[in-house]
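Taking the hints into account, I'd like the entire structure generated from these sequences.
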Amino acid sequence: KEGSLPVWPAMINPTVFLDITVDDEPLGHISFKMFADTVLKTIENFCALSTGDKEFGYKGSCFHRIILGFLCQGGDFAQHNGTGGQSI
Numbered sequence: 004k005e006g007s008l009p010v011w012p013a014m015i016n017p018t019v020f021l022d023i024t025v026d027d028e029p030l031g032h033i034s035f036k037m038f039a040d041t042v043l044k045t046i047e048n049f050c051a052l053s054t055g056d057k058e059f060g061y062k063g064s065c066f067h068r069i070i071l072g073f074l075c076q077g078g079d080f081a082q083h084n085g086t087g088g089q090s091i
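First residue of the sequence shown? That's 4 in the working numbering, and the numbers climb one at a time after it.
Computed list of lysine to any residue pairs in SDA-like fashion (alpha-carbon distance at most 25 angstroms, straight line):
1. LYS36 to SER64
2. LYS62 to LEU30
3. LYS36 to ASP22
4. LYS36 to LEU21
5. LYS44 to GLY88
6. LYS62 to ILE23
7. LYS44 to CYS65
8. LYS36 to LEU71
9. LYS62 to ILE33
10. LYS36 to THR24
11. LYS36 to ASP79
12. LYS62 to ASN16
13. LYS36 to CYS50
14. LYS62 to HIS83
15. LYS62 to GLU28
16. LYS36 to ASN16
17. LYS57 to ALA81
18. LYS62 to GLY31
19. LYS36 to PHE20
20. LYS44 to SER64
21. LYS36 to GLN89
22. LYS44 to GLN89
23. LYS62 to PRO17
24. LYS44 to HIS83
25. LYS62 to THR86
26. LYS62 to GLY87
27. LYS57 to PHE80
28. LYS62 to ASP26
29. LYS44 to CYS75
30. LYS62 to PHE80
Please keep in mind that the hints were generated in silico from the structure rather than gathered at the bench.
Structure below.
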């Protein structure tokens with residue numbers, strides 16, 4: 004549209020960072036590239052749970068499954084074992 008600003012990919016597909024700590028000791032952060040142009044509702048949910056703006060979310064949750072060199076699975080802030088969850 005004439006007179007409108009271009010939409011840059013970084014604005015459409017932001018990166019979300021989660022800081023990782025163990026016993027209040029910072030270990031670093033994990034970055035996630037969000038593909039909002041493909042799965043907008045999923046990204047809105049993930050971002051809302053990541054920001055801490057709600058009364059529930061990922062802050063303080065644990066990784067309930069870790070396979071060294073392969074994956075860390077977490078995000079169950081309700082049961083802390085992979086069986087719980089909540090959406091916005």
